[in-house]
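J.: Residues per chain are reported as follows:
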Amino acid sequence: MIDTRSPDSFEWRFVLVALGILALGVISIYSVSPSTTPKGQTPLYAKQLTWILIGLVAFLAAIAIDYHTLARHAYLLYGLTLILLALVLVMGRTTRGAQRWFAVGPLVFQPSEVAKLVLILVLAKYFADVQRFGWIQRVIVPGLLTLPGLLLILKQPDLGTAMSFTFIFVTMVLVGGLHAKALGLGVLFTSMLFPFAWELIWSSLHDYQRERILTFWDPTTDPGGRGYHALQSQIAIGSGGLLGKGLDEATQSRLKFLPEGHTDFVFAVFAEQWGFIGVLVLFVLFAVLIFLASEIAFKAKDPLGLLLATGILSMVGFCLMVNVGMTMGIFPIVGIPLPLMSYGGTTTVTSMAALGLLLNVKRRRLTLFY
Amino acid sequence: MSKFTTQHEDFRNLQRRLLYLRTGLLFCLLLLSARLWYLQVVKGTYYHELAEQNRVRTVDLKPARGLIFDRHGELLANNVPSFNLYLTVEDIRDRDGMAAALEELIGLPRAETMKRLIQQAKSYVPILLKSGLTLREAALLEGHRLELTGLRVQAESQRNYVHGPLGSHLLGYVGEVSPEQQEEPDFAGLVQGSIIGKAGVEKTYDRMLRGKPGEKTIEVDARGNELKTVAVVEQTPGDDLYLSLDLRLQRLAESLLGAESGAIVALDPRNGDVLVMASSPAYDPNVLSRGLTPALWEQIASDTSHPLTNRALQGQYPPGSTFKIMVASAALESDKWSADTKVRCTGAFSSGRHVFKDWKRGGHGVMDLYNALVQSCDVYFYNVGQRLGIDTIAETARLFGLGQPTGIDLPSERVGVVPSIEWKQRVRKEPWYPGETISTAIGQGYITVTPLQMAVAIGAVSNGGTLHRPRLVRAVRERATGRVQEYPSVDRGPVPLQEGTFHLLQDALREVVLHGTGGRARSRSISIAGKTGTAQTVAARVTQLSTDEEAIPKQFRDHAWFVAYAPAEEPQIAVAVLVENTGHGGTYAAPIAKALIEEYWKDSDVDDRHQIAGQF
Numbered sequence: 001m002i003d004t005r006s007p008d009s010f011e012w013r014f015v016l017v018a019l020g021i022l023a024l025g026v027i028s029i030y031s032v033s034p035s036t037t038p039k040g041q042t043p044l045y046a047k048q049l050t051w052i053l054i055g056l057v058a059f060l061a062a063i064a065i066d067y068h069t070l071a072r073h074a075y076l077l078y079g080l081t082l083i084l085l086a087l088v089l090v091m092g093r094t095t096r097g098a099q100r101w102f103a104v105g106p107l108v109f110q111p112s113e114v115a116k117l118v119l120i121l122v123l124a125k126y127f128a129d130v131q132r133f134g135w136i137q138r139v140i141v142p143g144l145l146t147l148p149g150l151l152l153i154l155k156q157p158d159l160g161t162a163m164s165f166t167f168i169f170v171t172m173v174l175v176g177g178l179h180a181k182a183l184g185l186g187v188l189f190t191s192m193l194f195p196f197a198w199e200l201i202w203s204s205l206h207d208y209q210r211e212r213i214l215t216f217w218d219p220t221t222d223p224g225g226r227g228y229h230a231l232q233s234q235i236a237i238g239s240g241g242l243l244g245k246g247l248d249e250a251t252q253s254r255l256k257f258l259p260e261g262h263t264d265f266v267f268a269v270f271a272e273q274w275g276f277i278g279v280l281v282l283f284v285l286f287a288v289l290i291f292l293a294s295e296i297a298f299k300a301k302d303p304l305g306l307l308l309a310t311g312i313l314s315m316v317g318f319c320l321m322v323n324v325g326m327t328m329g330i331f332p333i334v335g336i337p338l339p340l341m342s343y344g345g346t347t348t349v350t351s352m353a354a355l356g357l358l359l360n361v362k363r364r365r366l367t368l369f370y
Numbered sequence: 001m002s003k004f005t006t007q008h009e010d011f012r013n014l015q016r017r018l019l020y021l022r023t024g025l026l027f028c029l030l031l032l033s034a035r036l037w038y039l040q041v042v043k044g045t046y047y048h049e050l051a052e053q054n055r056v057r058t059v060d061l062k063p064a065r066g067l068i069f070d071r072h073g074e075l076l077a078n079n080v081p082s083f084n085l086y087l088t089v090e091d092i093r094d095r096d097g098m099a100a101a102l103e104e105l106i107g108l109p110r111a112e113t114m115k116r117l118i119q120q121a122k123s124y125v126p127i128l129l130k131s132g133l134t135l136r137e138a139a140l141l142e143g144h145r146l147e148l149t150g151l152r153v154q155a156e157s158q159r160n161y162v163h164g165p166l167g168s169h170l171l172g173y174v175g176e177v178s179p180e181q182q183e184e185p186d187f188a189g190l191v192q193g194s195i196i197g198k199a200g201v202e203k204t205y206d207r208m209l210r211g212k213p214g215e216k217t218i219e220v221d222a223r224g225n226e227l228k229t230v231a232v233v234e235q236t237p238g239d240d241l242y243l244s245l246d247l248r249l250q251r252l253a254e255s256l257l258g259a260e261s262g263a264i265v266a267l268d269p270r271n272g273d274v275l276v277m278a279s280s281p282a283y284d285p286n287v288l289s290r291g292l293t294p295a296l297w298e299q300i301a302s303d304t305s306h307p308l309t310n311r312a313l314q315g316q317y318p319p320g321s322t323f324k325i326m327v328a329s330a331a332l333e334s335d336k337w338s339a340d341t342k343v344r345c346t347g348a349f350s351s352g353r354h355v356f357k358d359w360k361r362g363g364h365g366v367m368d369l370y371n372a373l374v375q376s377c378d379v380y381f382y383n384v385g386q387r388l389g390i391d392t393i394a395e396t397a398r399l400f401g402l403g404q405p406t407g408i409d410l411p412s413e414r415v416g417v418v419p420s421i422e423w424k425q426r427v428r429k430e431p432w433y434p435g436e437t438i439s440t441a442i443g444q445g446y447i448t449v450t451p452l453q454m455a456v457a458i459g460a461v462s463n464g465g466t467l468h469r470p471r472l473v474r475a476v477r478e479r480a481t482g483r484v485q486e487y488p489s490v491d492r493g494p495v496p497l498q499e500g501t502f503h504l505l506q507d508a509l510r511e512v513v514l515h516g517t518g519g520r521a522r523s524r525s526i527s528i529a530g531k532t533g534t535a536q537t538v539a540a541r542v543t544q545l546s547t548d549e550e551a552i553p554k555q556f557r558d559h560a561w562f563v564a565y566a567p568a569e570e571p572q573i574a575v576a577v578l579v580e581n582t583g584h585g586g587t588y589a590a591p592i593a594k595a596l597i598e599e600y601w602k603d604s605d606v607d608d609r610h611q612i613a614g615q616f
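Chains as they are written, first to last, in this note's numbering: chain C, 1 to 370; chain G, 1 to 616.
Rather than coming from a laboratory, the hints here were simulated on the basis of the structure.
Some clues are possibly wrong.
Subject to a maximum C-alpha distance of 30 Å in a straight line, what follows is the list of computed BS3-like cross-link-like pairs (lysine-lysine) [to be verified]: (1) 554/G <-> 360/G; (2) 198/G <-> 256/C; (3) 342/G <-> 357/G; (4) 216/G <-> 198/G; (5) 336/G <-> 228/G; (6) 256/C <-> 357/G; (7) 256/C <-> 216/G; (8) 216/G <-> 228/G; (9) 554/G <-> 602/G.
If you want a taste of the chain G side facing chain C, the calculated C-beta under 10 Å gives, among others [to be verified]: (10) 10; (11) 18; (12) 25; (13) 28; (14) 33; (15) 52; (16) 227; (17) 235; (18) 296; (19) 297; (20) 308.
Backbone N, C-alpha and C define an ideal beta-carbon position, used for all residues, glycine too.
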């Protein structure tokens with residue numbers, strides 16, 4: 001069932017926007033890379049370029065294999081992912097108190113990033129298949145499906161990915177499952193449960209996670225300590241002004257006042273260098289991507305395709321909003337990378353594979369009927 | 001059919017909800033844009049300012065202090081490189097860890113570091129934590145630089161007194177400007193940690209010696225590492241001082257005092273130049289300038305021998321018999337007494353129920369004024385005092401500059417006391433008793449003077465009545481222009497006495513050394529004139545009966561005075577010597593004055609050739 005048509009103009013637009021965002025990301029990473037790299041080490045931006053090349057392969061592969069075929073193996077894939085998530089707790093590498101990564105030689109692999117994509121596949125498959133409208137089928141069962149992955153990720157701990165996980169689940173339940181009446185009841189029920197759930201979540205958080213959330217409310221209380229990231233990030237963004245400072249004069253990022261400039265805070269680096277106008281361009285690129293993705297979802301030929309595209313849209317959208325929100329100080333700092341821009345192997349490859357899946361959905365919509 | 005319809009409707013449902021998601025996401029993007037507008041456009045300038053504060057640090061460039069030379073161009077004070085440890089509070093990541101590391105590496109007490117950290121209000125201004133690090137300490141700290149963010153070892157110039165304690169009281173010492181001083185107009189514009197003079201000429205001439213600080217603006221990274229220089233305003237070194245002091249004589253004077261407490265002042269009676277100003281015990285200004293630990297300060301402040309006191313101008317002592325010069329002048333100027341008035345000295349003098357004794361048991365026999373001065377006959381002056389009254393004596397004493405500041409260019413000069421009826425009423429709230437006039441006539445009782453005042457006074461006797469303001473700094477050389485500005489000698493006006501009075505005094509003082517109480521000051525090489533004095537300490541009256549000086553406890557022994565000038569015919573040097581708690585002035589002070597004057601005389605020809613202009 002391999003589709004052999006050459007890409008149409010819609011697909012070109014889609015690919016160009018994605019490549020544009022990737023390129024801006026590489027430039028930002030380049031600007032915060034040290035001017036001299038120790039011998040034998042590859043500079044970060046070059047590594048990121050390698051990741052993008054690998055991502056392109058994943059992107060093409062995700063187009064090539066029919067999503068129906070993928071969906072048929074969804075539960076198996078999810079099972080494998082859960083095993084990986086369990087394994088990483090046992091033999092993963094621990095960095096800054098979190099055990100999230102597999103280290104294979106120089107390569108570092110983060111299974112929780114992949115898990116998000118697999119969760120989308122599983123939930124799409126489930127909602128597409130389910131025939132009854134019962135409460136249990138629409139909420140409880142998918143909840144039980146999501147829970148093991150969520151718990152394993154919380155155990156690492158990886159608050160950011162856990163939140164993405166939850167968000168994907170919630171959007172897919174809302175879009176794919178609940179009727180309007182049930183939706184209202186659900187919201188009511190959740191808000192009633194929230195205080196108890198909060199207590200539970202709060203007590204399970206690590207100290208540094210609590211601190212991050214507390215500092216969010218007032219980063220200026222301890223500018224040298226907990227609030228440092230939040231404050232420096234806002235200084236970086238704000239000092240960019242209308243037109244930005246350019247690559248060389250962006251002192252916040254170049255002189256490392258802004259920590260993690262290549263990963264979670266890459267947006268602040270970009271905003272300092274390119275200013276308000278530059279960020280608007282970036283936002284327009286993301287907005288176009290959201291439009292095109294929802295277009296694909298809307299025109300999908302079956303519920304599976306629609307749900308798959310919806311899941312991907314919600315995943316990318318959530319990461320975008322939370323990441324940008326936290327760098328601008330309107331959201332607590334949780335470790336969520338900016339899709340397509342932050343440095344990182346797994347996140348880059350996964351995001352590109354997700355885009356490939358979107359095109360996959362788009363391409364299959366005309367090919368066959370059953 | 002129903003199933004298909006349901007599925008179809010269901011699919012429409014899905015699509016509708018999808019659009020909600022899309023709208024929601026785009027709305028969020030709009031909210032983020034609004035926040036972005038607020039941060040970058042509304043508050044852009046504010047955040048830009050904050051980013052600049054992050055990036056830029058200013059480093060004060062401390063100017064080198066001016067040099068200090070003696071009258072022959074001998075170097076007295078200069079600057080040497082020193083490693084100083086600075087700390088920028090803002091750049092510290094881990095305060096406790098740093099304090100612990102400093103204790104381990106250079107032995108700086110943890111509590112003290114923490115105290116300094118808390119005191120510092122402006123977190124981006126570096127504070128001086130320790131100065132004068134050893135090379136080893138500096139290297140250790142540099143080695144741990146990466147862990148100890150916010151610390152910087154800076155090579156700076158440190159004040160150095162080439163001859164250690166020599167002349168410490170008149171040179172003074174330096175130290176950091178205190179927060180209170182920064183409020184004063186004299187120190188306006190000085191940054192924290194600036195070095196200023198704290199005593200001596202370092203203090204009086206601080207404005208010239210200080211120089212002007214510069215400022216270097218540097219760019220730093222998040223760790224506080226200096227990356228590049230943005231702007232530099234160069235510092236201007238301070239101006240150099242040329243003192244009237246003679247280093248060679250000063251050294252001799254201090255060695256003559258040795259372990260005894262006391263002071264020696266030598267002036268040039270022709271212009272008021274201060275040739276010698278020694279005060280013992282002395283201190284090492286190098287130690288004080290290096291930044292005192294509280295413990296060291298406590299030790300110096302509680303030292304009962306008061307090494308920080310400049311006895312030459314802060315020590316107030318009864319003048320003893322040296323005061324007879326003033327009393328004799330008062331007598332000669334008065335119509336109640338004349339040079340020929342004779343008194344029989346029997347060794348004692350009665351006034352009311354009190355009996356005042358002469359220092360010589362059995363008395364001096366019949367005395368006139370001249371001989372009474374030469375022999376320092378107490379009974380003669382008891383009579384003079386009783387006849388003239390305290391106010392006449394006080395008036396004449398003031399003519400010689402006693403009871404007033406000499407106006408020397410050094411801080412914290414004391415003026416002593418010239419008692420009068422009015423003074424006692426005002427200060428003590430008691431009437432004057434006639435018996436007090438009797439003891440004042442021989443320089444005992446309430447009257448006190450400083451060695452510097454006595455040196456100025458004997459200078460006026462030697463030069464026929466000109467009071468000079470003592471001059472310590474002869475010239476200042478401006479660093480910026482190289483221009484030398486000379487300070488003129490200042491004449492405080494004549495002592496309005498008759499010429500004959502001075503002649504009699506001069507003759508008598510010469511005779512004191514030749515055949516009187518000052519015999520130990522007689523020199524073969526130069527004609528010296530002088531007057532001995534033996535000032536009783538307050539407690540000494542208890543032990544007055546003991547004649548054996550060695551048996552009296554040290555702190556109850558008399559202060560030995562000798563005031564002198566030479567050569568008698570054409571005076572060039574006037575000297576006041578005071579040695580605390582030793583005994584007779586003729587025994588303990590006169591030989592010191594003689595040694596000093598002989599040394600001066602030995603090289604006086606050379607001295608004249610050293611014209612000041614030739615030194616620059």
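J.: Decide, hint by hint, whether the structure agrees.
T.: Evaluated hints:
1. 554/G <-> 360/G: 22 Å, holds
2. 198/G <-> 256/C: 43 Å, violated
3. 342/G <-> 357/G: The given pair, whose Cα atoms are some 18 Å apart, holds under the 30 Å limit.
4. 216/G <-> 198/G: The given pair, whose Cα atoms are some 27 Å apart, holds under the 30 Å limit.
5. 336/G <-> 228/G: 84 Å, violated
6. 256/C <-> 357/G: 88 Å, violated
7. 256/C <-> 216/G: Cα-Cα ~22 Å, so holds.
8. 216/G <-> 228/G: 10 Å, holds
9. 554/G <-> 602/G: 35 Å, violated
10. 10: Cβ of residue 10/G sits 7 Å from chain C, so the hint holds.
11. 18: Holds, because the Cβ-Cβ distance from residue 18/G to chain C comes to roughly 5 Å (cut-off 10 Å).
12. 25: Constraint on residue 25/G satisfied, holds at 4 Å.
13. 28: 5 Å, holds
14. 33: Where the cut-off is 10 Å and the nearest Cβ of chain C is about 6 Å from residue 33/G, the hint holds.
15. 52: 8 Å, holds
16. 227: At about 7 Å, which falls below the 10 Å cut-off, the nearest Cβ of chain C leaves the hint on residue 227/G intact, so it holds.
17. 235: 27 Å, violated
18. 296: 34 Å, violated
19. 297: 33 Å, violated
20. 308: 42 Å, violated
Of the hints listed earlier, those the structure fails to meet are numbers 2, 5, 6, 9, 17, 18, 19, 20, in rising order.
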